[in-house]
Structure formats: C-alpha cells, structure tokens
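Visitor: Protein chains in written order, with our numbering: chain A, 1 to 206; chain B, 1001 to 1395.
Source of the hints: derived by calculation from the structure; they are not laboratory data. Note that the Cβ used here is the ideal one computed from N, Cα and C, for glycine as well.
Within a straight-line C-alpha distance of at most 30 Å, the following computed DSS-like cross-link-like pairs (lysine-lysine) qualify: (1) A:Lys122 / A:Lys152; (2) A:Lys90 / A:Lys122; (3) B:Lys1321 / B:Lys1374; (4) B:Lys1259 / A:Lys190; (5) A:Lys152 / B:Lys1259; (6) A:Lys90 / A:Lys77.
Taking beta-carbon pairs under 7 Å as the criterion, some of the chain A residues facing chain B (in silico): (7) Leu18; (8) Met42; (9) Glu153; (10) Ala188; (11) Arg189; (12) Phe193.
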Amino acid sequence: MKQPGRKSRMIAGGVFFLAHTLLTGCDEAPVTTTGGTDGNVMQERKAGVMTELEETAPGDYKIMREYPSSTTGVVVKRRDGTSETLPEDKVRGLMDGAGQERNMLGMGTVLSAGLLGYMMGKNTSPNPFVYGNEAVYQQSLASRLPLEERLKEEERRTGSPRSSYWYGSRYYGYSYGNRNYASSSPGARKTGFFSRMTSSFRSFSG
Amino acid sequence: MHTLPVNPIPPSIFEQVGFYWYQSPGDLDYVADELVQVTAGEGEAFYRAAEELYGMYVQAAQHVIDQKLFELLDIPENLVEMIRLSWEDDRHFHLLGRFDLAGGLDGIPIKLIEFNADTPSTIFETALIQWMILRHNGLDEERQFNRLYETVQESFIRTRNIHPAFAGADAPIPCVLFSCLDMGLEDENTTRLLEEMAYEAGFITGFEYAHDVCFDEEGISNHAGDRFDFWYKLLPYEYIAMEEPELAELLTGLLRRDKVILMNPPYSLLFQSKGILKVLWDLFPGHPLLLETSFEPLRGTSCVEKKTFSREGDNVRILDKAGNELDRRDGDYVSYRSIFQEFADLPTDGEGRLYQAGVFFSWEPCGLGFRREKGIIHNLSQFAGHTIRAGFPES
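Can you make the complete structure from the sequences, with help from the hints?
Guide: What follows is the structure, encoded as structure tokens:
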C-alpha cells in the first residue's frame, strides 16, 4: 500500500511551508504574512515558487523539487539529516550574495539558477546543472511555461499589467488577492443569489 | 483506545495559517490536545473500507437513477436533470467527500455511518492542523494517514486531464471560481484552502462570495465579468434547490449547454442523501461495512433516527430496542424524511468520550481524522488528530 503520510511533507503546499516555518522558527526571522493583522490571512496571496534544496556535498546544494505556489520559500535538507526552512526575506539575501559564495553550488547560486531565480529575473532559463536530476529539471521547465501563461492570462483578464517588478523580477510579487478588476458591462447577468442568507445561518458544511 | 497527550499549538500560529475556528463558543478548545493512536493495520482498514464503500455508493447511485428513486431520497425535483447530466458525463469529477465511520479501533468492526459527499467539512483540520500537531510535538510526520492536500491537488490535475478542452500541451488553462457564503471564516478558509490546492495544481483561480457570482446564458463569472470553466461552491445543492430555485434552473441550463462544470458535481447529492443508506442495505444486505437501515423504526434493535439531509448531528434521535428515546438533538431539518439506522458502537476513551472516524476520499482514500464527544457528535464536537502507534510499523 502507498505510504500513508508524506515523505517530504513540509512543502506539500505553500501553506505547509508557512506552518512549518511558524512552528520551527524561533531562531529565524519572523515570518511576514501578507494582509496584516486586521484581515483574513488567506485572502491575500501572490505568485511565488516553493523550492526544496538538498545538500549534496559539504556546502553544495541541488534543487530536488520546485513548484509554483502562492507562498515563496525554500526548504533546505542538510547532509546531517537536519532541515531548515528559509522565509522569503532570507532567500532574497542569499540570491543577492550569490557572487560571493565560495562553493560552486552555493545556496544563493543554485537558487538564482532555478525557477525562483527565473521568476525574479536572475536568469533567462533555469540551468540543468543545479537540479538534482533530469526529471526535476524537466518538471521545472514544464512549470515555467504554464506559470507564465497563467500570469499573462490573469493580466489579460484583469485588463492591465498587474505584476509589480522587484529587482527586475518577472512576475514576482504579483498580487491576485485583492486585484482591481476592469469594469465590464453587466449585460443580462443574474447575481445576488443567497444574499438573503445572513450570519444567523450556521456553517453549510457537514 | 490509545491516545497520546500533545502540546497544543499556540492560537497565534493557528491564526497565521488562517485557522480561526480553534475555539468553540464557551472557550472550549475545538482541537483536542490528544492524538488518537492507530495501528498501521487499523488505518489501512479504514482506507480499505472507504475504497469499498465508494464502489458500493456508485452502484447504489446508478440504481437510484435507473429506478428513478429520487423522491425516496428526498432529492428536489428541480435538481434531477442536473444530477442525470453530471452522472452521464465523465468530466464531472467528484472532487472529494468524507466517510463517517463507526468502529475501527479496539477491535470494533468498521461500520458506515454516512458519506458527506457534497460539502464536507474538516478539510483544514485533517490536511493541515493534525500534521502541524505532529511537527509541533517533534513526532514523525510520516506516521499519519494523511495525503489529503496532495491527493486533492492530483484530483484537480485529473479533472483537467479528463476534460478534452483542457488536456494537452496547447490547451488553454482552466479557470475555477471558488465560492461560499459570506458568513464566517470556517467555510471561507476551507474554500480558500481548496483554491490554493487548485492554484498549485496549475489552474487559474478566483474567489467570490456566492452572492457576487454572476450567471448568464453563457456561463458563470465573477463580479468583474471574468469567465470561469469550473465553479466550486461550498453550498449544498438542496439549499440551492429550496432557497434559490431560479439558480437551480439556471445551473441546469448551463450544464445542458455545456457551459460550466460544478464541483462537487450534482450527482454527489445522491451520495449525500441518507436515504441512500437504505438503498445500500437493499443492494448489499448484511454487508459487514453496513448497518441495517430502514425508513421505518427498526424493531428489536436500538437505532438512530436521522433525516435525509440533516447535518452536524442535528435532528438525531437515539432509540432503544423498545423504541424509547435515549438521547436527541433538535434542529432545522424536520421536514425531511426520516431514516432509521441500526445503532453502532463507537470506540470510547477513559473519560467516556466517543470517537467517530472521518475518512476523506478523492479518487482514492487520502486522509483520516476523528471527532469526539460524550454523546451525539455535532458541529462543535472536538476534532482529534491521529498518529500511527509506535511499534506498529506499516505492514
């Protein structure tokens, strides 16, 4: 039978990454969740990339998993069996310091050469050399296109470029949580169903 | 019954991941500070039961459609065409549901209580919260029957691949709109968590409260006029049928003209109606996973009376062999047909709390969780996560 739980549970989804970081990270910089304290944290989201790195030799890393998510973060698995989660802020710093790294496959260098680096304008195409194996690299190439197309489609649908460029990033920081929609004529649309329902109604799920 | 005390997760962390309903009214903790310890064999048996039951539900639903038993199941007439249309077309994929099961621990046999197939709750708790408890307590993350998040993601991908318009390299990216009522963060964030799964599965996603969703002859759009190919609604079909019959008519037309795909599909209402428990018993009498069920009180055995579409333990009565009432919970579902289901034993802990298992099914069994209560389990009953007992490795 299939494994009941997750092998690499921590980045099953962006929300798992966030939870993992919150539960682990007293020594880490506090995680900043978008939306502030006054709103529902699940409302505000943006396009990001989740990356899992594995230490292949002392100080050398390779990308073992990568996928588009509304959370950006990096999970590092070290040779000694420990793992660390790096929130967004720290990832930026690592990538900016890539040129100063002593290792050929230092963390910043590898991240800059992957899908996250691509989304942040650090490379023009992910580099196969930084991937753990061919399949992960191919998966990354496969994710890149739909991710871009999806963001373009979102832009088309909302009627204006929505991406907020950061350090020359392509779509990084693109917000699709509280976007402003282009106005369109309502036509013969019907709306307002269930507007009579009030908070006196209990949860609908069962 | 084995439980493991655990350190609770601080409320501030719950809130930062969007889980705001960690307290019940009266300041009671909604998430138990104990994990149920299951053996690998018990967990696998729960999964096997769900797998087998799903197959039986499909046969029972086919029987209901063939024999036109909709009225017996209290299915509103204005939903019947929608149900038929979705049933006959493979693109209408059943995204997920949750089986509620009795027994399964302490050697008590597993019995089906019901299948929450349309708008299942406790997705957030099962997928995320019980995993967080493992991490927070330094327990092994793999020792839990829980791939709910990944499996639903895979189901979204499957939904895309079985739709000719979206399969293939050059196909457009499917757009899915997520909706619930604007009446609380439990429904909203459960819906948004599903949206997250779809987004990570490569869909274009959007969220709109149900009252802001627009419907016209060509399909479904958000208030800005953006079209969506799929609509996930955390709105029970029978509410749509009764409260907004015009919407039921509109949706039927959209399905007829192939303008939208609804999630869960309309046919999930056949699984949801507890009337199907009687159909199951008729088709599979004496099946070891089933409890005897009738539309009349059972004679000579204690039983539970429920309504075809009651939810969260409302309108439930427990009757003894002689038909005397032992316990009851009232509610708003009196107008529905009653079913009477043989009483089933639930595992009990040292404090007298009864445990009911919930097994999620999304193409395959994919997540286990528990609710516990001293009496009839209802919407404020505690959620208890689980872990696989040490010394009982996966077989």
